[in-house]
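Chemist: Sequence:
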Amino acid sequence: MAALQRAMAFDYGTKQIGVAVGQTLTRRAEPVAVLRARDGVPDWNDIARLISEWKPDTLVVGLPLNMDGSPSEMSGRAEKFSRRLHGRFNLPVHCIDERLSTFEAKQSLRDSGRTPASYRDNPVDSLAAALLLETWLNEQPEETP
1 MAALQRAMAF DYGTKQIGVA VGQTLTRRAE PVAVLRARDG VPDWNDIARL
51 ISEWKPDTLV VGLPLNMDGS PSEMSGRAEK FSRRLHGRFN LPVHCIDERL
101 STFEAKQSLR DSGRTPASYR DNPVDSLAAA LLLETWLNEQ PEETP
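In this text, residue positions in the sequence shown follow UniProt numbering: the first is 1, and each later residue adds one.
Don't read these hints as lab results, they were simulated from the structure.
These figures come from a predicted structure and were not determined experimentally.
Keep in mind that a hint or two might mislead.
Quick list of the computed label-pair ranges, beta carbon to beta carbon [claimed, not checked]:
id, residue 1, residue 2, range
1, W44, H94, 26 to 34 Å
2, A48, K80, 30 to 38 Å
3, L25, P92, 15 to 23 Å
4, K80, D46, 12 to 20 Å
5, D68, D46, 28 to 36 Å
6, H94, A48, 36 to 44 Å
C-beta: ideal position from N, C-alpha, C; glycine also.
Could you build the full structure based on these sequences and the hints that come with them?
Modeler: Have a look at this one:
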């Protein structure tokens with residue numbers, strides 16, 4: 001049985017990176033931020049502040065695979081981002097298949113009455129990060145009491 005872990009997830013993109021946090025006890029995650037990126041490069045100080053604030057034990061990065069499961073150009077960039085996270089913050093980093101997480105996030109928002117035009121002002125990236133984090137959390141072993 002595993003110990004309680006707090007995790008932080010990243011929905012990597014070249015313009016925006018969604019961030020969510022969650023923990024293994026409840027297996028729930030919540031969106032916390034959308035960070036700006038320039039050609040996939042974030043402001044590392046923003047990430048450092050979030051890590052300092054939330055104190056995660058582990059990090060999770062969404063891996064955008066093609067629908068057939070093969071790597072995409074973006075999956076290579078996301079893997080590079082995950083290696084940089086590990087190198088900078090010395091935390092374990094797990095990559096998880098994120099196919100359809102952004103689609104699910106947009107569908108969830110449409111179901112609540114949001115329109116695609118509002119995504120620019122209120123991005124879905126942090127919700128996508130929360131969805132992929134919940135997938136990862138649900139794959140973890142049960143907690144010890």
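Chemist: Within 15 to 23 Å or not, the Cβ separation of L25 and P92?
Modeler: Hint holds: Cβ distance 18 Å, inside 15 to 23 Å.
Chemist: Look at the Cβ atoms of D68 and D46 and judge whether their distance stays inside 28 to 36 Å.
Modeler: 34 Å, holds
Chemist: Can you let me know if the beta-carbon spacing of A48 and K80 is within 30 to 38 Å?
Modeler: 18 Å, violated
Chemist: For the pair H94 and A48, does the Cβ-Cβ distance stay inside 36 to 44 Å?
Modeler: 20 Å, violated
Chemist: Against the range 12 to 20 Å, how does the distance between the Cβ atoms of K80 and D46 compare: consistent or not?
Modeler: Since K80 and D46 have Cβ atoms about 18 Å apart, the given range 12 to 20 Å holds.
Chemist: Does the Cβ distance between W44 and H94 fall inside 26 to 34 Å?
Modeler: For W44 and H94 the Cβ distance comes to about 20 Å; the hint is violated.
In summary, the structure is inconsistent with hints 1, 2, 6 from the numbered list given earlier, while agreeing with the others.
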